[in-house]
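Each chain is listed here by its residues.
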Amino acid sequence: MLHGVRNAAVFPFLAGVLVLLTCDPVQVGVNLTGFLIPPSHQAPSATAPASQTPGASQSGVPVRPTLTPPARPTLSVVVLDPAHGGTDPGARGGAGLHESDVVVALASNLRAALEKEGFQVIFTRQGNDNPSFDDRSALANAQSGAIFVSLHAGSTGLPGTVRVYTCPDAPGNLAAPGGLLPWNRAQAAFLTLSRKLADIAQGELAKQFKGSPNSAPTAAIRQLRSIAAPAIAVELSSVSVDDRSELDRMLPGVADAVARAIASFKPVYDSWPPGGGG
Amino acid sequence: MNPRWRQWLFIGLAAAVLVAAVFLPLLRRSVKRSARLQVQSEEQARRELLHPTIVNSSEPRVKTSLFWASPEQDGALAAVSVQMPLSNDPVLRAKQVLDTLLAGPVDADLRTLPPDAALLEFYLLPDGTGVADFSDPMATSLPSGIESEQMAVDSIARTLEANVPQVQRLKILIHGQEAETLAGHVDLTGTFVVNTKGAVASAAVAPEMLTPTSAPGKLSQPERKP
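First to last, the protein sequences are chains A and B.
Numbering follows numbering that gives the first Met the number 0, in which position 19 of the first sequence is assigned residue number 18; successive positions increment by one, without gaps.
Numbering follows numbering that gives the first Met the number 0, in which position 196 of the second sequence is assigned residue number 195; successive positions increment by one, without gaps.
Treat the hints as calculated values from the structure; they're not laboratory data.
Bear in mind that the values here come from a model prediction, so they are computed numbers and not experimental data.
Do not rely on the hints blindly, as some may be mistaken.
[What the hints assert, rightly or not] Simulated restraints, written as ranges between beta carbons of each label pair:
id, chain 1, residue 1, chain 2, residue 2, range
1, B, 59, A, 134, 47 to 55 Å
2, A, 206, B, 79, 48 to 56 Å
3, A, 134, B, 135, 48 to 56 Å
4, A, 91, B, 108, 39 to 47 Å
5, B, 140, A, 244, 24 to 32 Å
6, B, 81, A, 214, 26 to 34 Å
7, B, 164, A, 107, 46 to 54 Å
8, A, 244, B, 9, 47 to 55 Å
9, B, 79, A, 242, 29 to 37 Å
[Claimed, not checked] Over the 12 Å line for every Cβ pair with chain B, so calculated as not near, a few chain A residues:
id, residue
10, 89
11, 95
12, 108
13, 114
14, 127
15, 138
16, 149
17, 156
18, 184
19, 207
20, 237
21, 241
22, 245
23, 247
24, 263
C-beta atoms are modelled at their ideal positions from N, C-alpha and C, and glycine is treated no differently.
Bound-form chain A, shown alone (with noise of 0.2 Å):
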């Protein structure tokens, strides 16, 4: 794929052509400071500047179209990200709760539920390691039709409940000439998404979880920053709890909330962006 980067900058006349008929549509490439920005599901002020037509380069040329366009990827993994790990336990609570274990007991809830709701699962970290911010974000976007879902508990906030937060709004125009986005900025492309599945998680777990708020909130959040997907991260109030179980009844019913939420969300990804561009 880089190879067919590099023939871009060489050949820009068909640059176009071959990024539109030969790349899968969501994981275009990847290399250490930036990658190619998939043509369906960013947003439209990321979007890279390919205004050619299928069948025609930018010199006239007719081009003969001998492969057709890969159908665009639907929403079929989840992959969840267990915070924290390893020698790094997170948050801590004045009972010894780590928010480390907390957030692996979580996860193996939701795995459940998704896979229940016919969504394949695939975790960030297994058992007590930690990989870095940057591993996990490439474990993430070399899945295709994927979304990234970071688990958290936090030491503050009211107990018992739940909140879903997105990156904050990129300032400026993040995409580079050819589409070209730098690594640290990925999310920047798939904010409106983001925003759309936060929204629809927040509110499920609002139903269920009095206290917690209406809508999802923003924080600059380290690990969403790098995830070229649609990507949130959902924190429960909070590992200070006196007794763990008072955490621990509220697993199934996050975990339920969430997988209905992004159950509800794949047709909205599915059908992304309204009215079928891209």
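Mind docking chain B on chain A? Use the hints.
Showing chain B alone in chain A's frame:
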């Protein structure tokens, strides 16, 4: 030992037990109180060492808005207005308001920043970026979590926005170094928009994704696009 001495010994021991029963709780209480005073004075000494008093009483007293946690709404900030002498120099002014923010509200439960954290330095770059360098406890003593970390950043950004209009963006350093996150969640590698109007005009200078723009008294909730 004759019975008479034994009797005196018994009476003496009984008196000692009685005295101990009365004075031990008092002793324990006074030890606890002195330990607490020692902790407070250590914190005060550290603050005094790091911060020569920069509030000059001859400076005009102005209405200052400080953002701490709201007592009414979970996860939200609320502005508290105080009259305090503030310098006209933006750097000195930023230090004064941030020191007051760090000192905390009357109700300690409404703190957004750790009590043992200190502002080591504040710089203002020509492009309007304010660089706030905090001591290690800003990262190590802050309760870890998305909500608590974002509230900490928001309380700093919104206090600067309300009182130091020259600061358009905020960069947070921990002990002079760039940190990847504040306490495991919130990203510190970019800058946070402080003054929305000024920052939008120069967005190309720092096109980062960290924009805690928000309505007054609420956690960051940027305007949604339809």
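Hints, verified against the model:
1. Between residue 59 of chain B and residue 134 of chain A the CB atoms are about 54 Å apart, so this pair conforms to the stated range of 47 to 55 Å.
2. Distance hint check for residue 206 of chain A and residue 79 of chain B: the Cβ-Cβ separation is about 34 Å, which falls outside the suggested range of 48 to 56 Å.
3. Taken as a hint, the range 48 to 56 Å is violated for the pair residue 134 of chain A and residue 135 of chain B, whose Cβ atoms sit roughly 26 Å apart.
4. Roughly 19 Å separates the CB atoms of residue 91 of chain A and residue 108 of chain B, a value that falls outside the hinted 39 to 47 Å.
5. The hint said 24 to 32 Å for the Cβ distance between residue 140 of chain B and residue 244 of chain A, and at roughly 28 Å that hint holds.
6. Judged by the Cβ atoms, the range 26 to 34 Å given for residue 81 of chain B and residue 214 of chain A holds: they are separated by roughly 32 Å.
7. Residue 164 of chain B and residue 107 of chain A have their C-beta atoms about 50 Å apart, which keeps the hinted 46 to 54 Å range intact.
8. A C-beta distance of roughly 53 Å is found between residue 244 of chain A and residue 9 of chain B, which places it inside the suggested range of 47 to 55 Å.
9. Distance hint check: the CB atoms of residue 79 of chain B and residue 242 of chain A are about 34 Å apart, consistent with the given range 29 to 37 Å.
10. Listed as outside the interface, residue 89 of chain A is inconsistent with that label: its C-beta sits roughly 6 Å from the nearest C-beta of chain B, within the 12 Å cut-off.
11. Distance to chain B confirms residue 95 of chain A as a non-interface residue, since its nearest Cβ pair spans about 15 Å, more than 12 Å.
12. Listed as a non-interface residue, residue 108 of chain A keeps its Cβ farther than 12 Å from every Cβ of chain B; the least gap is roughly 20 Å.
13. With a cut of 12 Å on Cβ distances, residue 114 of chain A stays outside the contact zone with chain B, its closest approach being about 27 Å.
14. Every Cβ of chain B is farther than 12 Å from the Cβ of residue 127 of chain A; the closest lies at roughly 16 Å, confirming the non-interface assignment.
15. Interface exclusion of residue 138 of chain A from chain B stands, the closest Cβ pair being 18 Å apart, more than 12 Å.
16. For residue 149 of chain A, the non-interface assignment is contradicted: its Cβ lies about 9 Å from the closest Cβ of chain B, within the 12 Å cut-off.
17. With a closest Cβ-Cβ approach of about 5 Å to chain B, residue 156 of chain A is found to fall inside the 12 Å limit, against its non-interface label.
18. A Cβ of chain B approaches the Cβ of residue 184 of chain A within 12 Å, the least distance being about 6 Å, so the stated non-interface status is violated.
19. In this structure residue 207 of chain A is separated from chain B by more than 12 Å, as the shortest Cβ-Cβ distance comes to about 17 Å.
20. Here residue 237 of chain A does not stay apart from chain B, with its beta-carbon only about 7 Å from theirs, under the 12 Å limit.
21. With a minimum CB-CB distance of about 16 Å to chain B, residue 241 of chain A clears the 12 Å threshold, and the non-interface call stands.
22. Listed as a non-interface residue, residue 245 of chain A keeps its Cβ farther than 12 Å from every Cβ of chain B; the least gap is roughly 16 Å.
23. Its beta-carbon lying about 19 Å from the closest one in chain B, residue 247 of chain A satisfies the requirement of being farther than 12 Å from that chain.
24. Distance check on residue 263 of chain A: its Cβ is at least 18 Å (rounded) from any Cβ of chain B, clearing the 12 Å threshold; non-interface status holds.
The earlier numbered hints that this structure contradicts are 2, 3, 4, 10, 16, 17, 18 and 20.
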